[in-house]
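First to last, the protein sequences are chains E and D. Heads up: the first sequence begins at 1 in my numbering, then just goes up one per residue. Heads up: the second sequence begins at 1 in my numbering, then just goes up one per residue.
Accuracy of the hints is not assured; some may be wrong.
Identical copies look the same in the list; a pair holds intra-copy or inter-copy alike.
With a Cα cut of at most 27 Å, we get these calculated BS3-like pairs of lysine-lysine [unchecked claim]: (1) Lys393 with Lys360; (2) Lys290 with Lys10; (3) Lys136 with Lys290; (4) Lys360 with Lys403.
Keep in mind the hints are simulated off the structure, nothing from the lab.
Letter by letter, the chains look like this.
2 protein chains.
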Amino acid sequence: MNKSLFLDIKTTTETIDILFNHFLPPTLIESIPILEANNRVLAQDVCSQEDIPNFNRSTMDGYALNARDTFGASSSMPAYLNIAGDVLMGEATHLSLKSNEAARIPTGGMLPENANAVVMIEHTHEIDSKTLEVQKPVGVWENTVCIGQDIKKQSLLFPTSRLLRAYEIGALAAIGQTRVDVYQRLRVGIISTGDEIVPAHSLPGQGQVRDINSFIIGSKVLELGAVPNFYGIVQDRVEMIHDAIKACVSQNDVVLICGGSSVGARDFVIDAISSMGEILVHGVAMRPGKPTIIAKIEDKPVIGLPGHPASTAVVFLVLVQPLLAHLQHTTLSPGYLTATTSRNIPSQPGREDYVRVRIKPDPESSNSKYLAEPIFGPSGLIRPLFEANGLIKIPLDCEGLDKGEELPVMLM
Amino acid sequence: MNKSLFLDIKTTTETIDILFNHFLPPTLIESIPILEANNRVLAQDVCSQEDIPNFNRSTMDGYALNARDTFGASSSMPAYLNIAGDVLMGEATHLSLKSNEAARIPTGGMLPENANAVVMIEHTHEIDSKTLEVQKPVGVWENTVCIGQDIKKQSLLFPTSRLLRAYEIGALAAIGQTRVDVYQRLRVGIISTGDEIVPAHSLPGQGQVRDINSFIIGSKVLELGAVPNFYGIVQDRVEMIHDAIKACVSQNDVVLICGGSSVGARDFVIDAISSMGEILVHGVAMRPGKPTIIAKIEDKPVIGLPGHPASTAVVFLVLVQPLLAHLQHTTLSPGYLTATTSRNIPSQPGREDYVRVRIKPDPESSNSKYLAEPIFGPSGLIRPLFEANGLIKIPLDCEGLDKGEELPVMLM
Chain E
1 MNKSLFLDIK
11 TTTETIDILF
21 NHFLPPTLIE
31 SIPILEANNR
41 VLAQDVCSQE
51 DIPNFNRSTM
61 DGYALNARDT
71 FGASSSMPAY
81 LNIAGDVLMG
91 EATHLSLKSN
101 EAARIPTGGM
111 LPENANAVVM
121 IEHTHEIDSK
131 TLEVQKPVGV
141 WENTVCIGQD
151 IKKQSLLFPT
161 SRLLRAYEIG
171 ALAAIGQTRV
181 DVYQRLRVGI
191 ISTGDEIVPA
201 HSLPGQGQVR
211 DINSFIIGSK
221 VLELGAVPNF
231 YGIVQDRVEM
241 IHDAIKACVS
251 QNDVVLICGG
261 SSVGARDFVI
271 DAISSMGEIL
281 VHGVAMRPGK
291 PTIIAKIEDK
301 PVIGLPGHPA
311 STAVVFLVLV
321 QPLLAHLQHT
331 TLSPGYLTAT
341 TSRNIPSQPG
351 REDYVRVRIK
361 PDPESSNSKY
371 LAEPIFGPSG
381 LIRPLFEANG
391 LIKIPLDCEG
401 LDKGEELPVM
411 LM
Chain D
1 MNKSLFLDIK
11 TTTETIDILF
21 NHFLPPTLIE
31 SIPILEANNR
41 VLAQDVCSQE
51 DIPNFNRSTM
61 DGYALNARDT
71 FGASSSMPAY
81 LNIAGDVLMG
91 EATHLSLKSN
101 EAARIPTGGM
111 LPENANAVVM
121 IEHTHEIDSK
131 TLEVQKPVGV
141 WENTVCIGQD
151 IKKQSLLFPT
161 SRLLRAYEIG
171 ALAAIGQTRV
181 DVYQRLRVGI
191 ISTGDEIVPA
201 HSLPGQGQVR
211 DINSFIIGSK
221 VLELGAVPNF
231 YGIVQDRVEM
241 IHDAIKACVS
251 QNDVVLICGG
261 SSVGARDFVI
271 DAISSMGEIL
281 VHGVAMRPGK
291 PTIIAKIEDK
301 PVIGLPGHPA
311 STAVVFLVLV
321 QPLLAHLQHT
331 TLSPGYLTAT
341 TSRNIPSQPG
351 REDYVRVRIK
361 PDPESSNSKY
371 LAEPIFGPSG
381 LIRPLFEANG
391 LIKIPLDCEG
401 LDKGEELPVM
411 LM
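Chain E extracted, bound-state conformation (with noise of 0.2 Å):
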């Protein structure tokens, strides 16, 4: 049996259900300081030790005092306050406020005791060093912020899983944890198979091409904050896969095997994997793609991309980065972009094309609209991919886009 039948060919959705549904993330936890922390996931909930702020800061450069003390002023008919003294910044005040006295306060000062309000400098006027004019009433607590109004004492700040970026790491450093408890980076396992295929460093003889999905692999691992290991170029044989495939389980979480390109060496990867694990897609519902394979090997997946460079960068960003984000314990967004089609897309109803193309401004549109030209090619070459910046989506049953359609692109 021709074993690129693909009996059972699986649509794109039901693919990263399978993926979904099957594995499970890791929960290896590290410790690492917040200023590293950007795009990891917490491994802990996170709650404060202490009210933040610890006492009850003014907004505004101005005038610290009782609310009550400016009911009914105007500029017309001004309060007048006695000026108790000054708050100086980063220092405790021992100033406690009498009746219709106020405290001349920076922006960040501690109000006094007795103040609930600011009054700001431009509603005010020094008559002299101690008498202040006050030329419009303030509410109660106006221009301040209390004691645990940002983040109380006790209280979940943040609950594991949540994805970490430069605001959160902030809100960690106000309440003084300096580290925090991550998930460990994801370790990306990544197999090179293809008798044709030589080392990047090397110079290719006739008949072979230099090993290209690694390094496009590699560098896609790295950008998800992944860690990706390398388990170099692998021969066409069922007992060297196997080994390799062995090896790679055992050291990773995900294990992401570059096929070779021709049937045969297809064939060996899926002996090797039967031989070890569960298939549990053989074929893909989408071009290009088709010959994906994923399994299950000691409870990791293990996937099977296309040889084709092209291919093998469509079917990581439509499959495999949904998968590794969702083993580091968050969801993905990719960046999309909408933008109009340049020319008529065929495609072929019964599968999903992806199509890559080059995002750019519309000439004809004032609007900053986008532009989505195709570029065509074979999968087997390297050009079309990196002249390409996004990637449309046509769906299973339909025949092709128009010129003109607005569509969203994913940003490659």
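Following the hints, position chain D against chain E.
Only chain D this time, still in chain E's reference frame:
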């Protein structure tokens, strides 16, 4: 004179123009392995020393032959060819086809001499081990990739300043270039000022707060591929700020000063900068972010950011991010998502308002539309910052947005 009066306030567009016109990208170069070059910018022209591929290659499993010998073939009137032998994967073939001869060839195999096309296995039938029936004609060079078709020898593959992605890295691997000259990472010096600021690892007394801004800015700088260098927290004294800026300018390409939030603290920064270089912008028509300072010291940009975390973050996103991209020899393309405002958002004409929003799926839309829910709150708090995932710009001359307006949201 109160230096915060901002007599010559600039728009954000004017400010970015000033930044781009005054500051050139640094040109220091380093050589790195291509696998580390994702998101780096080429500092050399890359030419290929070889044709890629360096042999005529099959893109299908099938039979190499001369296209002429299949002309007119059909399933009712097949062509019959003699099978001259097998092309082996990854090996030079020494076969030379005579008239009406074909050779078995795998995808990626080398075409024999005198072959100029490949017929797919699906359109053939082997009558016996010596005789091939071909049921469909092929065109000249059909199902092949010719010598140099992907990348031509001596041609320019990528010019200087090309941003490298996984696909460019794949192309570099294809031509055997495993190291590449790129521009060095941008060095960004970060100074915190403010008498109320204490280090994140310490316990603030009353009236004190931890340094949040260094972490937000440092994380964003790392995220953009630049190197943050921290110069600690500097007291609000002109001479101390002066000395910190001087050290920072000499050791970095860009200096960011996270300002104290009070008017007095800002005045110290202005005084220190004025004594060392030229102030280009003092006051930007945006909220938050109005007190932003941009100066030129020793031909390097020195930017004073406002002290509140939300203000610092917004100024970083709107002004500093494009500058860092420019200084990294690239252009910025921040992610945008189209969303609909969930409620009216007021704004004052005469300045750009930047409103933090939470983007979420619109529960009333079946078509994966998004709602942008504004998050209000004092810019001195960190919570409204980490609760947001998007930023909306309300233009200078606009009095606000109505509920239901569709607009682009910058992803945070």
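Against which earlier hints does the structure fall short, listed by number upward?
Hints that this structure does not satisfy do not exist here, as all of them hold.
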